[in-house]
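Listed here are the chains, written in short residue letters.
Number of protein chains: 2
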Amino acid sequence: MTKNTKVNAAILIIGNEILSGRTQDTNTSTLANWLNSIGVKVNEVRVIPDIEKKIIETLKVLKKENNYVFTTGGIGPTHDDITAESVSKAFGAKYEIHKEAYKILETYYKPGEFNEGRQKMVWMPENAELILNPTSGAPGFSVENVFCLPGVPSILKSMLGGLKNRIVGGEPILSHTISLRTVESEIANSLTKVQDQNEDVEIGSYPFFHAGKLGVSIVLRSENQSKINSCNSQILEFVKQKKIEIVDR
Amino acid sequence: MTKNTKVNAAILIIGNEILSGRTQDTNTSTLANWLNSIGVKVNEVRVIPDIEKKIIETLKVLKKENNYVFTTGGIGPTHDDITAESVSKAFGAKYEIHKEAYKILETYYKPGEFNEGRQKMVWMPENAELILNPTSGAPGFSVENVFCLPGVPSILKSMLGGLKNRIVGGEPILSHTISLRTVESEIANSLTKVQDQNEDVEIGSYPFFHAGKLGVSIVLRSENQSKINSCNSQILEFVKQKKIEIVDR
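Respectively, the protein sequence lines represent chains X and A. Residues in the first sequence are numbered from -3 upward in steps of one, following my numbering. Residues in the second sequence are numbered from -3 upward in steps of one, following my numbering.
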């Protein structure tokens, strides 16, 4: 894969705690922001339960449809941590002790503390490549284009730095935001015209309510800065004509 | 559908702003908590971009596999609001002016303010049933088992009350949490044994880091309170044996 091609990814959040509403997922926005910054566009996110069949089926679809798949959750020591075994099955790979991971955890824990529960965390698909974990020892892993990360947000974040060189992105996706003191319906038609004239720029319109006042943020996204600039000028033109106030946000 | 059967749902978040990482989705946890409280289990969540083909394809799958589908986002007045038209196409239904919605917005806005942009919000699939919006006027709608809600979290929340009588849930899903001052690997084996003896209770194990200390929350979920109680007793037994501290959280 060379630069300049479009590179995309799917995020697969594995965990009953998100589906029950008990836990608010924050890994999606962490991963999406990071991926965008290295030129990878997120095509889709799925949240699924800790059910082996569902994980395998979903992985098979996503790894085929996307350049990269990032999973979060299910790689800890307890009975509901079934991601590594499910990934093995999705690839038809053996599920076995990863020698390097074993050495890492044997060194990480004090003598006698590398117990049976912890040893579960070194079982991975054969030929998995490790993703090092500077926070809590137990590594994640990748197989082909699937990268498996933990569910705990602070640990996941700490592992992204080590991944950077293994993900080949396209052109970074640039964005520009214009926030206006208006409501969407006042600018809808003008915005449609600008979108029609700028097909390579993705224009999003997002109403907000901040400090007691309504407004709309217009977000322009493209790999091409000059196309964003031209689109921005066209928007500023109708904003001026309509005497709409531009606000900081 | 009668009570006592298992009822499930999928949530479909439509919006580029979630996939770009710009906006943190909170509608999933709002909907999931509310659905759980009325006995509907969330099977799956998907986040997809504002692309008509993707919305139609995804809806076709989800509405078949689930008792209910809830979509959020894409029902406003701007060019990137394409949910209503996409839902029409997914059902092979006409996309047309909904007379009742038209009347509601005609009354809601001051004379002259019900402009072309706002009129877009009354276009819906034929035979759509409205979901009233006590916050900002423009209603959501449902077609068969698909319920379309707005993306703005405060508006979405305000519309759930009006939906309650239209969703027939199963037995409410009960849950009980036990938080322990321990790490997962210390309890993994004991917890596996309890799970093996309690197949009807979903046992989740979630590490946390709070006020400078590590801990694990064990979450028991089932439609049956006595099964939760029995499972809880078995956990408290090994917790006592292992002299693990129970903490409030």
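Because the hints were derived from the structure by calculation, they are not lab data. Any given hint might turn out to be false.
Identical copies go unnamed one by one, so any copy, or any two together, can satisfy a pair.
[To be verified] Computed cross-link-like contacts, SDA-like style, restricted to lysine to any residue with a CA-CA straight-line distance of at most 25 Å:
1) 49 x 61
2) 50 x 4
3) 99 x 150
4) 99 x 218
5) 59 x 234
6) 189 x 111
7) 238 x 104
8) 60 x 45
9) 95 x 198
10) 90 x 140
11) 189 x 4
12) 106 x 192
13) 99 x 132
14) 50 x 63
Only a predicted model underlies this, so the values are computations on that prediction, with no experimental measurement involved.
Exercise for review: Please name the hints from earlier in the document that this structure breaks, with their numbers sorted from lowest to highest.
Suggested key: Hints 4, 5, 9, 11, 12 are the ones this structure does not satisfy, whereas the remaining hints hold.
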